[in-house]
Amino acid sequence: MNNRIIILFLAIISATGVQAQHLEHRIQAGFNIGATAPVGLPNTIRKINSYRPEFCPSLGYELSWRPAKASEWGAAVGVKLDYKGMTTKDEVMYFHTMITMEDGSGKSEFEGAFTGKNKTTVRNAYVSFPISATYTPNDNWRLHLGGYMAWLFSANFYGNVSDGYIRNGGSLGEKVNVSEAEFDFGTDMRRFDAGLQGGAERRVGKKLRVMGNLSWGLRPVFPSDFRGMDFPMYNIFVTLGVTYRI
Amino acid sequence: MYIMTHIQSIRLLAACALTAITMQACIKSEPPNPEADIESFTVPDSLLTGDVFIDQSNRKILLYLDPEAFDKGVAPVITTTKGAKVSPASGDSIFFTGQDNVYTVTSASGENRKQYTVEVVSIGEWDWQFEKWLIHDKDKYQYVIEEDGGQVWSSGNPGVALSGVPKRPDGYPLRATEDSESGTYAAELVTLKGTVLSNLVGIKLFAGSLFLGNFDVSNAFLEPLKATQFGQPFTGKATRFTGYYKYTPGASYQDREGNILPGVTDSCAIYAVLYTGRTRLDATNIHTSERIVATARLPDGSGRGNFTRFDIPFTYIPGRSATKEMMMAIVASSSKDGDQYRGAIGSRLVVDSLAIIQ
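Chains A and B, in that order, are what the protein sequence lines are.
Under the working numbering, the first residue of the first sequence carries the number 1, and numbering increases by one thereafter.
Under the working numbering, the first residue of the second sequence carries the number 1, and numbering increases by one thereafter.
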């Protein structure tokens, strides 16, 4: 995987030699703030007690092209290292879950409905490849809109449930009180994510700009056969940072 | 001025993007309650010989009734999950005329129904051959019933079912075996390795257990030692505890953390405890309670290749005397320290023809 990324990166760099006059190179740095979350909270989530972004740097390189130096429209491709994460504490009711774990000696599964408190920490590292159409109306502003593909290379999705009860099998199952139990769904996560992204940059120096960029995953982060949560979750993050033209 | 503009634009960008996320984050209205439990079932104490037990795993109300109450019927006061409805209603009289008394609970959401069958438990003969076994519908573990269908024995199986073991009888530590001393079946108790899930809560092995009493699954995670509710109402004077067993300790004894302790051999436990009162003792106090009047325990839990008979007189504790209300517990385990999650995986105990001689 890493080799492929390096090769792609080199290919982008070497492409710059072809039509250097219309190309711009930028380094991007910032932080991702957002959530891996359902789009529209299911009614089993009763209360969000806290939300905290994790330390999620974003660092990338962007190559943009315009037909002529003064053109308003252009295109850009990039490669980014993106950490996406958060910690939330919430309260849930009748929350359906199925926990499947495997080790050398076999598989164990538990399915049930949980009512109580939940804490979830997500911290995933992706290599992302954004592709955008760019619009540069003037020297101060630059806007872009497009899509991205991303490969997950380090996954963390874990937490605990506490102060509640779980019902074996579902809502009609026998009630089992829970003081605290851990879960870890990191290895269940999909390795590939894709979605839409767009944002704007505002010039603040000769080569320096501040930027904000929203990326909205369209692919649930867990595969369809994953039953730890019975609703799809998506990566929805904003990158706030700077770009520097090189 | 110039700087302000930039801070404002950053704010603007951030605000736009975050609004898009937070717009989605609205809490919806609470789902209607889908649960339909009978949470309590109260009959006046004077009518009972033992505390009522609601077996949530098997959806049974176990009643231990005074003979007079059995003849006249009872009018239990019932509480359910909030918003659920129960039929027959709380306070209605039920009679024990041979037909099953079945309570139907309908959840507040209306979609879910749960039926509980009332079972009046009484032990005629304190003598068991372990011939009749049933398989739990959902979790597929075996449990033993009386000739008349009554449920007086229990085990840790309902708790083990929560840990994601394979859903088949031999996935559980207690099951029937045809390796019997008399009749077709005997009870086989095997100490099994914990699962990946049970490891998360620090349980590395499950000892096989079989006991007179009930398993309270609601305590299985929080206070597992209180989940095993030992004992059934007993009248008369117990003199001896008899039965047959065979035992093979597993190869490697391990401590709670799963470390193998070289040179330690597992042993089994088989004992009977007679105590006063109506409320069951559990694994936290079955050896220590002040209510204990007499005990009979297998002195040596080491390996026995063939069925071996035991006949142990009850030892009455001086200064403690029987009262009108008594309970008798019989407990067997394939690993004596199984309640501390210590033992040897593979230890196998078979018991048959257990009896309390009066």
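Where hints are given, some of them may not hold.
What the hints assert, rightly or not - Listed below are the simulated BS3-like cross-link pairs for lysine-lysine, each with C-alpha atoms no more than 27 Å apart in a straight line:
{"no.": "1", "chain 1": "B", "residue 1": "K193", "chain 2": "B", "residue 2": "K237"}
{"no.": "2", "chain 1": "A", "residue 1": "K175", "chain 2": "B", "residue 2": "K60"}
{"no.": "3", "chain 1": "B", "residue 1": "K324", "chain 2": "B", "residue 2": "K204"}
{"no.": "4", "chain 1": "A", "residue 1": "K89", "chain 2": "B", "residue 2": "K140"}
{"no.": "5", "chain 1": "A", "residue 1": "K47", "chain 2": "B", "residue 2": "K140"}
{"no.": "6", "chain 1": "B", "residue 1": "K28", "chain 2": "B", "residue 2": "K72"}
{"no.": "7", "chain 1": "A", "residue 1": "K47", "chain 2": "A", "residue 2": "K119"}
{"no.": "8", "chain 1": "A", "residue 1": "K107", "chain 2": "B", "residue 2": "K167"}
{"no.": "9", "chain 1": "A", "residue 1": "K107", "chain 2": "B", "residue 2": "K204"}
{"no.": "10", "chain 1": "A", "residue 1": "K89", "chain 2": "B", "residue 2": "K82"}
{"no.": "11", "chain 1": "A", "residue 1": "K89", "chain 2": "A", "residue 2": "K69"}
{"no.": "12", "chain 1": "B", "residue 1": "K167", "chain 2": "B", "residue 2": "K82"}
{"no.": "13", "chain 1": "A", "residue 1": "K107", "chain 2": "B", "residue 2": "K28"}
{"no.": "14", "chain 1": "A", "residue 1": "K89", "chain 2": "A", "residue 2": "K47"}
{"no.": "15", "chain 1": "A", "residue 1": "K175", "chain 2": "B", "residue 2": "K246"}
{"no.": "16", "chain 1": "B", "residue 1": "K60", "chain 2": "B", "residue 2": "K82"}
{"no.": "17", "chain 1": "B", "residue 1": "K28", "chain 2": "A", "residue 2": "K119"}
{"no.": "18", "chain 1": "B", "residue 1": "K167", "chain 2": "B", "residue 2": "K226"}
{"no.": "19", "chain 1": "A", "residue 1": "K69", "chain 2": "A", "residue 2": "K175"}
{"no.": "20", "chain 1": "A", "residue 1": "K89", "chain 2": "B", "residue 2": "K85"}
{"no.": "21", "chain 1": "A", "residue 1": "K117", "chain 2": "B", "residue 2": "K140"}
{"no.": "22", "chain 1": "B", "residue 1": "K204", "chain 2": "A", "residue 2": "K119"}
{"no.": "23", "chain 1": "A", "residue 1": "K107", "chain 2": "B", "residue 2": "K140"}
{"no.": "24", "chain 1": "A", "residue 1": "K175", "chain 2": "B", "residue 2": "K138"}
{"no.": "25", "chain 1": "B", "residue 1": "K193", "chain 2": "A", "residue 2": "K175"}
{"no.": "26", "chain 1": "B", "residue 1": "K193", "chain 2": "A", "residue 2": "K107"}
{"no.": "27", "chain 1": "A", "residue 1": "K117", "chain 2": "B", "residue 2": "K226"}
{"no.": "28", "chain 1": "B", "residue 1": "K72", "chain 2": "A", "residue 2": "K175"}
{"no.": "29", "chain 1": "A", "residue 1": "K119", "chain 2": "B", "residue 2": "K60"}
{"no.": "30", "chain 1": "B", "residue 1": "K246", "chain 2": "B", "residue 2": "K140"}
{"no.": "31", "chain 1": "B", "residue 1": "K193", "chain 2": "A", "residue 2": "K117"}
{"no.": "32", "chain 1": "B", "residue 1": "K82", "chain 2": "A", "residue 2": "K175"}
{"no.": "33", "chain 1": "B", "residue 1": "K28", "chain 2": "B", "residue 2": "K60"}
{"no.": "34", "chain 1": "A", "residue 1": "K117", "chain 2": "B", "residue 2": "K246"}
{"no.": "35", "chain 1": "A", "residue 1": "K47", "chain 2": "B", "residue 2": "K82"}
{"no.": "36", "chain 1": "A", "residue 1": "K175", "chain 2": "A", "residue 2": "K89"}
{"no.": "37", "chain 1": "B", "residue 1": "K28", "chain 2": "A", "residue 2": "K175"}
To be verified - Listed next, with one range per pair, are the computed distances between beta-carbon atoms:
{"no.": "38", "chain 1": "B", "residue 1": "N199", "chain 2": "A", "residue 2": "T87", "range": "21 to 27 Å"}
{"no.": "39", "chain 1": "A", "residue 1": "A194", "chain 2": "B", "residue 2": "N199", "range": "49 to 55 Å"}
{"no.": "40", "chain 1": "A", "residue 1": "N156", "chain 2": "B", "residue 2": "D255", "range": "44 to 50 Å"}
If you're looking for bench data, these hints aren't it; they were derived computationally from the structure.
Built from N, CA and C at the ideal position, the CB exists for glycine as well.
Here's how the hints hold up against the structure:
About 40 Å separates the Cα atoms of B:K193 and B:K237, which puts this hinted pair outside 27 Å; it is violated. Proposed proximity of A:K175 and B:K60 is supported: the alpha carbons are some 14 Å apart, at most 27 Å. Using a Cα cut-off of 27 Å, the hinted pair B:K324 and B:K204 is violated, with the two alpha carbons roughly 42 Å apart. Between A:K89 and B:K140 the alpha-carbon distance is near 36 Å, which puts this suggested pair outside the 27 Å criterion.
With a C-alpha separation of about 37 Å, the suggested pair A:K47 and B:K140 falls outside the 27 Å cut-off, and the hint is violated. For the given pair, B:K28 sits about 50 Å from B:K72 by alpha-carbon distance, which is inconsistent with the 27 Å threshold. Between A:K47 and A:K119 the alpha-carbon distance is near 12 Å, which keeps this suggested pair within the 27 Å criterion. Between A:K107 and B:K167 the alpha-carbon distance is near 12 Å, which keeps this suggested pair within the 27 Å criterion.
Among the hinted pairs, A:K107 with B:K204 is consistent with the structure: their alpha-carbon atoms are about 15 Å apart, no more than 27 Å. Distance restraint check for A:K89 and B:K82: the Cα-Cα separation of roughly 26 Å lies within the 27 Å cut-off, and the hinted pair is therefore satisfied. Annotation: proposed proximity of A:K89 to A:K69 is violated, straight-line Cα distance about 49 Å (limit 27 Å). With a CA separation close to 32 Å, the supplied pair B:K167 and B:K82 exceeds the 27 Å bound.
Of the supplied pair hints, the one linking A:K107 and B:K28 is violated, its CA atoms being roughly 36 Å apart against a limit of 27 Å. At roughly 9 Å between alpha-carbon atoms, A:K89 and A:K47 fall within 27 Å of each other, so this suggested pair holds. Note on A:K175 and B:K246: the hinted pairing is violated, with a Cα-Cα distance of about 36 Å set against a maximum of 27 Å. This hinted pair checks out: B:K60 and B:K82 have alpha carbons roughly 20 Å apart, not beyond 27 Å.
Proximity of B:K28 to A:K119 is assessed by CA-CA distance (about 19 Å); at most 27 Å being required, the pair is judged to hold. Pair hint B:K167 plus B:K226 holds up; C-alpha atoms about 25 Å apart against a cutoff of 27 Å. At most 27 Å may separate the alpha-carbon atoms for a hinted pair to count; A:K69 and A:K175 exceed this at roughly 68 Å. Distance hint between A:K89 and B:K85 is unfulfilled; the C-alpha atoms sit about 33 Å from each other, more than 27 Å.
Restraint check for A:K117 and B:K140: not satisfied, since their Cα atoms lie roughly 30 Å apart, outside the 27 Å limit. Of the supplied pair hints, the one linking B:K204 and A:K119 holds, its CA atoms being roughly 26 Å apart against a limit of 27 Å. At roughly 17 Å between alpha-carbon atoms, A:K107 and B:K140 fall within 27 Å of each other, so this suggested pair holds. For the suggested pair A:K175 and B:K138, the alpha carbons sit about 15 Å apart, so the restraint of at most 27 Å is met.
Between the alpha carbons of B:K193 and A:K175 the distance comes to roughly 24 Å, so the proposed pair stays at or under 27 Å and holds. Distance hint between B:K193 and A:K107 is fulfilled; the C-alpha atoms sit about 13 Å from each other, no more than 27 Å. The straight-line distance between the Cα atoms of A:K117 and B:K226 is roughly 24 Å, inside the 27 Å bound, and the hint therefore holds. Taking the CA atoms of B:K72 and A:K175, the gap is near 33 Å; set against the 27 Å cutoff, the hint is violated.
Among the hinted pairs, A:K119 with B:K60 is inconsistent with the structure: their alpha-carbon atoms are about 35 Å apart, more than 27 Å. For the hint pairing B:K246 with B:K140, the CA-to-CA distance comes to about 26 Å; that is within 27 Å, so the pair holds. A distance of roughly 30 Å separates the Cα atoms of B:K193 and A:K117; the hinted pair therefore is violated under the 27 Å criterion. Distance hint between B:K82 and A:K175 is fulfilled; the C-alpha atoms sit about 14 Å from each other, no more than 27 Å.
At most 27 Å may separate the alpha-carbon atoms for a hinted pair to count; B:K28 and B:K60 exceed this at roughly 36 Å. The hinted pair formed by A:K117 and B:K246 fails the criterion: a straight-line CA distance of about 47 Å is larger than 27 Å. The suggested pairing of A:K47 with B:K82 holds, with an alpha-carbon distance near 20 Å, which does not exceed 27 Å. Straight-line distance between C-alpha atoms of A:K175 and A:K89 comes to about 23 Å, which keeps the hinted pair within the 27 Å bound.
Restraint check for B:K28 and A:K175: the C-alpha separation of about 25 Å stays at or below 27 Å, so the hint holds. In this structure the hint that B:N199 and A:T87 lie 21 to 27 Å apart at CB holds, the actual value being about 25 Å. A beta carbon spacing of about 36 Å between A:A194 and B:N199 contradicts the range 49 to 55 Å that was offered as a hint. The hint said 44 to 50 Å for the Cβ distance between A:N156 and B:D255, and at roughly 31 Å that hint is violated.
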